[in-house]
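Chemist: Here is how the chains run, residue by residue.
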Amino acid sequence: MSQSKDEWGSKLGVILAVAGSAVGLGNFLRFPGQAAANGGGAFLIPYFCALFLLGIPIGWAEWTMGRYGGKKGLHGAPMIMGAIGKGSLARYLGVLGVLIPLGVSTYYVFIETWTFAYFLKYLSGGIGIVQGTSIAEQTAAAGSFYSMITGSDGDGSLFTGDSRFTVISWVVVFAINLFFVFRGLSKGIEKFVSFAMPVMAVCAVIVLVRVLTLGTPDPNLPEQSVINGLGYMWNPDFSKLGNFQTWLAAAGQIFFSLSVGFGVIINYASYMRRKDDVALSGLTAAATNELFEVGFGGMITLTAAFVFLGLSGTAGAVATGSFGLGFNTLPVVFAQMGAFENIIGALWFFMLWLAAITSSLSMYAPAVAHLKEATNMSHGRSTAVIALIGTLGAVLTLWFTAGGAFWSTVDFWVGTYLIFVLAMVQIIYFGWVFGIDRGWRELHQGASIQVPTIFKVVMKYIAPAYLIIVFVGFTIQNFRASLEASWANTGSRVAMLTIAAILLYLVVVTWIGERRLRAAGVDIDDATPAD
Amino acid sequence: MTTLGWVFMTCSLVLVWGGAFWCYKRVLQTPTDEKVPAGYGP
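First to last, the protein sequences are chains A and B.
Per my numbering, residue 65 is the first one in the first sequence, and the count goes up by one each step.
Per my numbering, residue 8 is the first one in the second sequence, and the count goes up by one each step.
Chain A extracted, bound-state conformation (with noise of 0.2 Å):
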C-alpha cells in the first residue's frame, strides 16, 4: 500500500510514542485542578473505575483494531474503519480519526508555542516578574506577560509589538514539528520521544524534589507547608461521591489524558506486525501516562502552588483553569524561590513544551498517512500538503487571539466533542460489528499478557453503554447553546467554517482513496479477513 519504507526501531519505539500522544499539558495542570475541586484523595476511585473500565479498554479496542487494518495494509483512520465496520458508513465515520488530530494541531501547536516561549524567557532571565514585590504586584506582571504572549488583547495583536516573539516561536516550533515528522516513523517520531520522554521524566524528577523539599519557606506562615500542601490534593472529601458531576470528571479527565479516540492509536499500531504484542503495550502507554499525570502532576503543581500562595490563593489559581494555573499562577510560585527562580521556570515549561511536542508530533502522523494511502502521493509530498493545512489553521490561530475564541472553539468541537462521538464509533463498530470474540483472539495474537475474561465484557457493553449515555446526555442538554455561542463572533465562526473546510476536504480525499484502493484491488470492505 505505502510506497515508502520505514520501521520502528525498537520494541518501545511505538509505546514511548503513543505514550509521548498521551502525556500532555492536561498531565501536569487539568488534573490536579480536577482532583482538587472533585474531591481530593476521594477523586482518585471513580478516576481509577474509568481508568479500568473506559481508558484502559478502549485503548486496548483501538490498538487491535489498528495492528488489523496493518495486516491488510492500511494505515488510515478512514481505511482501517471501512476495514473492521465493513463499509463506507464506517470509511467515513472513520474521517474523524483523521479530522480530529490535525484540527487539534491547529491550535495545540500555538500552545505549545506558548511553552517554548516562557522556557526562552525564562532561559535568557525571566518573564519580568520582580522578586520583593507584592503577590499582587507579580501577579499582575505575570498576568501581562501571558497576554502579551498570547495575544488575548485582541485579534491580531500578536503580529504588533513584543507579541512578534510569540509569532516567531511558532514559526520555530511549528518547523521542528516538521522535521520530525518529515523524517518519518523511526528516524523521526520515535527517536525523538525516545530522547523527550526520558528528558521529560528526569525534568519532573527533579522538580518534584524540589517542591518536596520546600518544607516551610516562610516562618511567619506555619500552615503554607509541603504537607499541608498534599494535604490540600490528597485529603479526601466522599461527600463529592454523591455528585454525578465527579465521576463524569473523572471520567473525562481519563478519556482525555489517555488520548483514545483520537485517531493516533489506531494509526501507529497499523505499522505493527501481525504477532506483535498489543496488549502489554496498550497497557504500558497507559500505565505511563498514569505515572506522568498522578505520580508527577498530582505531587508537583498544587503543592508548589500551596506552599508559596496559601489555601485562598491556591483555590483561586485552580479556579482560574488549566491555562491560568500553568501560566499565570506557577511563575509567581517560581518567583518566591529566589535563586532558584529562573532555573526551576526554566525547567518547568521546557517539560511542559517536552509534554506538549511529543503530543502535537502524532497529530500529523494519521493525516500524512491518510493522504499517502488515499491519493498515493510520496511521503514528502503528503507532509507538505498536510503542512500547508496546518500553517493556514495555525494563522487563523495565531490571528484570532481575542478571548481564545478561535482555538477554544475547536478545541471543544473538534478536540472533545467529536473524540468521544469517535471513541463511541470505535467501541462500537469493534464490539458488535467487527464483533467482541474476533476482536478478543485479535488482542491475544502475539500478546506477551492475558487480558482478564471480565474486559470482554466491559468492551461490549460497559464501555459503549458509557459513551452512549454521556453523548446522549451531553448533546442534549449542550448541543444548541454550545453552537450558538460558537456563532457569536467573528473568531468563533471562523473555526467553525475551518473545521468544516477541512472535513469537507477529508471526506474527499477517502472518497477518491476508496475508488483508487477499490480499482487497485485492495479488500478495504474486509471481504477476506486477515486473522
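Hints in this document: simulated from the structure, not taken from any laboratory.
Keep in mind the model is a prediction, meaning the values are calculated, not measured.
Heads up, a few of these hints could be off.
Below 30 Å or equal to it, Euclidean Cα-Cα: the simulated DSBU-like pairs (lysine-lysine) are [said to hold, decoys possible]: (1) B:LYS32 x A:LYS339; (2) B:LYS32 x A:LYS251; (3) A:LYS135 x B:LYS32; (4) B:LYS32 x A:LYS75.
One side only, chain A facing chain B, incomplete, derived with CB under 7 Å [as the list claims (entries may be wrong)]: (5) LEU108; (6) TRP298; (7) LEU344; (8) THR348.
In this text, a Cβ means the ideal position worked out from N, Cα and C, and glycines have one as well.
Once you have looked at the hints, place chain B on chain A.
Modeler: What follows is chain B alone, placed relative to chain A:
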C-alpha cells in the same frame, strides 16, 4: 494532611509507580525477534 489523605496518596502512588514498573519490566523481558514492516516514512 489527614491520615486518609496519606492513605489515598500512598495507594495511588504505589499503583501508578508499581504499575509502570511492572509493565516496563514485562516489556523489556519479552524478546523481540521481528521488526515492523514497511509503512510510514520517506
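Chemist: All the hints need checking, so say for each whether the structure fits it.
Modeler: Status of each hint after checking the structure:
1. With a C-alpha separation of about 20 Å, the suggested pairing of B:LYS32 with A:LYS339 holds against the 30 Å cut-off.
2. For the hint linking B:LYS32 to A:LYS251, the alpha-carbon distance of about 25 Å falls within 30 Å, and the restraint holds.
3. Only pairs whose Cα atoms come within 30 Å are accepted, and A:LYS135 paired with B:LYS32 is accepted, the gap being roughly 28 Å.
4. At roughly 13 Å between alpha-carbon atoms, B:LYS32 and A:LYS75 fall within 30 Å of each other, so this suggested pair holds.
5. Interface hint status for A:LEU108: upheld, as the beta-carbon distance to the closest one in chain B is roughly 5 Å, under 7 Å.
6. Of the supplied interface hints, the one on A:TRP298 holds, with its beta-carbon coming within about 4 Å of a beta-carbon of chain B, less than 7 Å.
7. Given the 7 Å rule on beta carbons, the hint for A:LEU344 holds: about 6 Å separates it from the nearest Cβ of chain B.
8. Interface restraint check for A:THR348: the shortest CB-CB distance to chain B comes to about 4 Å, inside 7 Å, so the restraint holds.
Violated hints for the displayed structure: none, as all numbered hints are satisfied.
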